[in-house]
Amino acid sequence: MPSLKDLKNRIASVKATQKITKAMKMVAAAKLRRAQEAAEAARPYSQRMSAVLANIAQAVGQDDSAPRLMTGTGKDQVHLLVVCTAERGLCGGFNSQIARLARDHTRKLLASGKTVKIMCVGKKGFDILRREFASLIIDRVDLREVKRIGFSNADQIGRKVIGLFEKGEFDVCTLFYSEFKSVIAQIPTALQLVPASAPAAVADTTGATAIYDYEPDASAILGDLIPRNISVQIFRALLENVAGEMGAKMSAMDNATRNAGEMINKLTLNYNRQRQAQITKELIEIISGAEAL
Amino acid sequence: MADNFNFELVSPERLLVSGSVSEVVIPATEGEMTVMANHAPTMTTIKPGIVTVKFADGRKDRYVVFGGFADIVPTGCTLLAESAVHVDEFNRDDIARRVEAARADLSTATSDEQKFGIETYLSQLTTLQGAILPA
Numbered sequence: 000m001p002s003l004k005d006l007k008n009r010i011a012s013v014k015a016t017q018k019i020t021k022a023m024k025m026v027a028a029a030k031l032r033r034a035q036e037a038a039e040a041a042r043p044y045s046q047r048m049s050a051v052l053a054n055i056a057q058a059v060g061q062d063d064s065a066p067r068l069m070t071g072t073g074k075d076q077v078h079l080l081v082v083c084t085a086e087r088g089l090c091g092g093f094n095s096q097i098a099r100l101a102r103d104h105t106r107k108l109l110a111s112g113k114t115v116k117i118m119c120v121g122k123k124g125f126d127i128l129r130r131e132f133a134s135l136i137i138d139r140v141d142l143r144e145v146k147r148i149g150f151s152n153a154d155q156i157g158r159k160v161i162g163l164f165e166k167g168e169f170d171v172c173t174l175f176y177s178e179f180k181s182v183i184a185q186i187p188t189a190l191q192l193v194p195a196s197a198p199a200a201v202a203d204t205t206g207a208t209a210i211y212d213y214e215p216d217a218s219a220i221l222g223d224l225i226p227r228n229i230s231v232q233i234f235r236a237l238l239e240n241v242a243g244e245m246g247a248k249m250s251a252m253d254n255a256t257r258n259a260g261e262m263i264n265k266l267t268l269n270y271n272r273q274r275q276a277q278i279t280k281e282l283i284e285i286i287s288g289a290e291a292l
Numbered sequence: 000m001a002d003n004f005n006f007e008l009v010s011p012e013r014l015l016v017s018g019s020v021s022e023v024v025i026p027a028t029e030g031e032m033t034v035m036a037n038h039a040p041t042m043t044t045i046k047p048g049i050v051t052v053k054f055a056d057g058r059k060d061r062y063v064v065f066g067g068f069a070d071i072v073p074t075g076c077t078l079l080a081e082s083a084v085h086v087d088e089f090n091r092d093d094i095a096r097r098v099e100a101a102r103a104d105l106s107t108a109t110s111d112e113q114k115f116g117i118e119t120y121l122s123q124l125t126t127l128q129g130a131i132l133p134a
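Protein sequence lines, in the order shown, are assigned to chains A and X. Position one of the first sequence corresponds to residue 0 (numbering that gives the first Met the number 0), numbered consecutively onward. Position one of the second sequence corresponds to residue 0 (numbering that gives the first Met the number 0), numbered consecutively onward.
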């Protein structure tokens, strides 16, 4: 049975923890809003990009001149998995969800005799995947120092991926990230980057199927566009991840705050009971002492 | 009086310009081009340079862009820039940094094709640098 003083100390410490989790929740909420704004601001670009891409892909068609990033190497022996996770924990199952999806995918590929290479973006995914696939991880990108994810961060990763592809290091590249559905729902997603699956041509009302002049020619533009599209997809994934992380953190911290509140209530009840018991005990002692006289 | 059309300047981070304009000069890879209303549908890549926008109300604005491409249809023009800033907000150190980075890339480039690409980019950058410096 803990003494009164112990109980008092415990209540104080839980209260301190509750204050911290509450503050973290508030910070996450503010960051979430900013991350959502950033994701929203980036949307027009990626939308137009895929519209244009669909357009050109149609024009070039299954031409032999189509860049290899789009058609692939014709094999699917070596897979590169780019796993994007958060840099910090304390956000519920957010990181482990992404890592689990990547892990299942890796196991499946390994079981069917493929070679797998993993590139980790973010510390948490690296920590989780290192346990099982330490030898498969060829690179990791650290974004811990980055306060606000800019396109240049994504572009760096994109360049790395393209550089590896040009060296013939892999045949298929898949990107793992978490799609931000809402504050409480983040869906871990796998997206194939290389060979680029051309977005389905969108039926455009502005008559986008009009005959275009290409300057320089269509395949040159496509060659310029595809690498850029990879960077854009990575950028979008990173932004969705940040928003998702903050959302997950917010709900995790909300839960933690509520749990701390429950704990405080329980401890306070306990404390009061014990105090009352002590008072009663002291009274009995006094009364029985007086009666004895 | 020239007709107006819709112009949008988008960078991955945000939408910079969206509105009705009468004339836009874009630095296409194969030379600058002026886009006006009812332009033939064209798709072009752009090089680092300055985009001059003349709004419907006669106001003029200039933006520095670094690579990207433009999608032109008779009723509008969309410029997807890899990175874009307003001329007034443009920081000269930024371009110097890009030149440095390109030079570093050049020294590590292996294939001739790569070298050629980077050298072209470098010369475009220096041209741009020269164009903005006196401003």
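For the record, the hints were derived by calculation from the structure and aren't laboratory data. Treat the hints with care, as some may be off.
Said to hold, decoys possible - FRET-style restraints, in silico, Cβ to Cβ: (1) A:181 with X:89: 23 to 31 Å; (2) A:138 with X:114: 36 to 44 Å; (3) X:119 with A:89: 46 to 54 Å; (4) X:107 with A:143: 19 to 27 Å; (5) X:105 with A:103: 18 to 26 Å.
Unchecked claim - Residues of chain X placed beyond 12 Å of chain A at every Cβ, according to the derived structure: (6) 12; (7) 13; (8) 43; (9) 54; (10) 71; (11) 81; (12) 91; (13) 121; (14) 130.
To be verified - List time: in silico SDA-like cross-link candidates among lysine to any residue, alpha-carbon distance up to 25 Å: (15) A:146 with X:114; (16) A:265 with A:111; (17) A:166 with X:59; (18) A:30 with A:40; (19) X:114 with A:158; (20) A:159 with X:111; (21) X:59 with X:90; (22) X:114 with A:215; (23) A:159 with X:61; (24) A:107 with A:89; (25) A:159 with X:129; (26) A:166 with X:111; (27) X:53 with X:129; (28) A:146 with A:215; (29) A:146 with X:100; (30) A:166 with X:2; (31) A:122 with A:7; (32) A:7 with A:278; (33) A:265 with A:8; (34) A:166 with A:181; (35) A:122 with A:112; (36) X:114 with A:161; (37) A:159 with X:59; (38) A:21 with A:215; (39) A:116 with A:77; (40) A:159 with X:53.
Note that the structure is a prediction, hence the values are computed from the model and not measured. Quick reminder that beta carbons are idealized off the backbone N, C-alpha and C, glycines included.
- Query: Taking each numbered hint in turn, which are not upheld by the structure, reported in ascending numerical order?
  - Reply: The structure conflicts with hints 1, 2, 5, 6, 7, 8, 10, 11, 15, 16, 17, 23, 24, 25, 28, 30, 31, 34, 35, 37, 38, 40, although it agrees with all the remaining ones.
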